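Protein sequences appear in the order of chains A and B.
For the first sequence, the positions run 0 to 278 when numbering that gives the first Met the number 0 is used.
For the second sequence, the positions run 0 to 278 when numbering that gives the first Met the number 0 is used.
Some hints could be false.
Where chain B lies over chain A, by a calculated footprint (3+ residues, C-beta under 8 Å) [as the list claims (entries may be wrong)]:
id	region
1	61–69
2	83–89
3	103–114
4	166–173
Derived from the structure by calculation, the hints contain no laboratory data.
Fair warning: this is a prediction, and the values are worked out from it, not measured in the lab.
The beta carbon of each residue, even a glycine, is placed where N, CA and C say it ideally should be.
There are 2 protein chains.
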Amino acid sequence: MFIFVFMTKETLIAQIKQKQSFLCIGLDVDLDKIPQHLLELEDPIFEFNKRIIDATHNLAVAYKPNTAFYEAYGLQGWKSLEKTIAYLNEMYPEIFTIADAKRGDIGNTSTRYAKAFFEKMNFDALTVAPYMGQDSVEPFLAFTDKFTILLALTSNRGGLDFQGLQTHGKKVFEQVLQKSQTWKGVEQLMYVVGATKPEFFKEIRKIVPNSFLLVPGVGAQGGDLEAVCENGLNKDIGLLINSSRGIIYAGNGKDFAQKAREKAQELQSQMSRILHKNQ
Amino acid sequence: MFIFVFMTKETLIAQIKQKQSFLCIGLDVDLDKIPQHLLELEDPIFEFNKRIIDATHNLAVAYKPNTAFYEAYGLQGWKSLEKTIAYLNEMYPEIFTIADAKRGDIGNTSTRYAKAFFEKMNFDALTVAPYMGQDSVEPFLAFTDKFTILLALTSNRGGLDFQGLQTHGKKVFEQVLQKSQTWKGVEQLMYVVGATKPEFFKEIRKIVPNSFLLVPGVGAQGGDLEAVCENGLNKDIGLLINSSRGIIYAGNGKDFAQKAREKAQELQSQMSRILHKNQ
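Input sequences plus hints: build the corresponding full structure.
Here you go:
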């Protein structure tokens, strides 16, 4: 039996080593894309997530619902999100849970978001946008048993529009990495760095050698796992590679969960090989 | 009777002129701060908002719930938010409604947020963080009968941490203003500029002479209305001045709505004087 108090970096690393996987599965549920037979159930979003999680939990170390997909369905969507995180916490407490919400506001307001995701729903981690600066992020870091995953370099086409601007000899996203390393609660900080920009990982690792990086963009967005790992891995592994659409929509029939498992298995096998090579 | 199809910049300006007010009231509801007698009701958050709105609607042109305060109460909070926007839409369709949610994500995900706030809840406007660049914002602008209010220069202490970095002879927030002016759907763009930094308004107006600015930070955060208006007003007025705590928590007893009205009246009177002076 797994005795569990709260998630630490050490428990995350132990889980990665045990599962030989640093896979995070993005639960971006779209009712237009899930198998039609689920739509007859009372809560199709939750039922979809439950089946995906049950089928993949020993291949992945983290799940990451993107809140936008739930909010788009209003109250019912929010309820599905609450049920999903409750299910993860109850059934798979070793799993690292990330609310991909990209929040961030002035101090007293950021505290509210932190309460929503860390207390009310008991996620282990939350993605946060850095645009508003130090005092918009530190309220999240004040939750010392939780993790704040700051957007640094994102995987989308326009990621470099502002993140890539040169300023005092550094790009804006490098400033975000560097400045945030001086903030109170830094040991609870992780960063989002997109897999679509592997050429930046070497420089990023010079600034944040010890931090975990959450890496979206492998799969549907075209990022390459090997290229990311080459410069992204650190002594603690230090990477969480996210795949959403590529896994959860691998199948569309009654066997969708099995198809998702097969895709997750492919990635886990690659990760296992990479981990062995780097030992 | 008010015949209403959807909100345009022209209807907003007409409302400002009619009410002699460019006041936006922030509905940042904290159950620890609202009058205790409301806690006996089934939905205290909505009941509080309803009374504040009923007491102030002819002094304000916009209401701005900050989503963090609702999310912190989970499902019940989300329900209160839905009821609040439904009430505004039904009872006061002329009012400009802003979801202060500071969202922003990769394209397909931003579309989900847009659906949540523009379609599901029918807000007129949404605040959006620019960190992820053009393709993270344009999905909001694609809703051509809605407004996207982009964070430019925020009112908090750390606002300048990244927004103030010098890059190619301009500050990052000036790059946000300038670049976003070339994006598709620019006529639906407004900007957040904090009242706590009035010295920047002159330069900002050079870059975005015609855009509406949503200005938080007057009141509790110490911003000065006169100083903001001096350089912030444009030919269309072009300002929405937000006050949250200073108005909604003006009183704490049975007469809290009346106290809120008095505070709103003070600001409206100042605004009326300013508008007359600038005519």
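Which earlier hints turn out false for this structure, listed by number in ascending order?
-> 2
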